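Novice: Mapping of the sequence shown onto my numbering: residues 1 to 148, in sequence order.
Calculated from the structure, these hints are not laboratory results.
Wrong hints could be hidden among the right ones.
The following label-pair restraints were derived from C-beta to C-beta distances [unchecked claim]:
#, residue 1, residue 2, range
1, 106, 44, 14 to 24 Å
2, 8, 105, 27 to 37 Å
3, 111, 8, 36 to 46 Å
4, 49, 2, 14 to 24 Å
5, 32, 88, 29 to 39 Å
6, 43, 146, 31 to 41 Å
7, 106, 47, 44 to 54 Å
8, 106, 13, 38 to 48 Å
Owing to the predicted nature of the structure, the values given are computational and were not obtained by experimental measurement.
For every residue, glycine included, the Cβ atom is placed at its ideal position computed from N, Cα and C.
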Amino acid sequence: MAFTVVLRGYDRAQVDGLLARADEALAGDSEFQRAAARDALRDTRPAVTFRGYDRQEVDGAIAQRRHLLDGGSVAAMPFTIVLRGYFRTEVDDLMARAAAALESDDPAERAAARDALSNPEFGYSLRGYDEHQVDRAIEQLRNQLSDQ
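Could you put together the complete structure from these sequences and hints?
Specialist: Set out below in structure tokens:
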């Protein structure tokens with residue numbers, strides 16, 4: 001996880017542990033483990049330290065993990081809209097293509113979507129999607145398409 005280190009950010013060790021637990025639950029098959037990780041994400045608020053992870057980035061990552069643990073799709077993941085971010089329609093189009101590829105039985109369609117996710121070039125706009133969240137979602141989608 002590559003979060004920006006800032007003054008007055010979330011405690012790095014707490015965040016790493018919390019997200020590692022959620023990622024482990026997402027990778028596993030245990031519903032008990034998923035429920036425990038979901039509860040931990042909901043109930044835990046990392047401590048603010050002098051030098052820690054950017055709070056907005058971490059809050060976005062926690063929201064993404066909660067969405068996935070609740071059974072949501074990576075392709076339907078909600079992204080935070082920031083002052084300057086990725087152009088929303090470009091991201092939405094790529095996510096829709098990836099979602100269709102995940103549902104498809106056609107290996108060529110999955111390979112084409114995986115290739116499109118390998119090096120996407122989004123424009124920037126005012127009131128666009130948070131680029132860190134989008135980049136993490138793209139990485140997860142690429143991994144899902146590679147596993148199939």
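Novice: Take the hints in turn and mark each one as holding or not.
Specialist: Now the hints, each set against the structure:
For the pair residue 106 and residue 44, the beta carbons lie near 41 Å from each other, so the given range of 14 to 24 Å is not met. A hinted range of 27 to 37 Å for the beta carbons of residue 8 and residue 105 is inconsistent with their spacing of about 49 Å. At roughly 45 Å, the beta-carbon separation of residue 111 and residue 8 lies within the given 36 to 46 Å, and the hint holds. Look at residue 49 against residue 2: about 18 Å separates their beta carbons, and that is inside 14 to 24 Å.
The hint said 29 to 39 Å for the Cβ distance between residue 32 and residue 88, and at roughly 37 Å that hint holds. Distance hint for residue 43 and residue 146: a CB-CB separation of about 33 Å, consistent with the stated range 31 to 41 Å. The supplied range of 44 to 54 Å is met by residue 106 and residue 47, whose beta-carbon atoms lie about 48 Å from each other. Residue 106 and residue 13 have their C-beta atoms about 44 Å apart, which keeps the hinted 38 to 48 Å range intact.
Going through the hint list in order, the structure does not satisfy hints 1 and 2.
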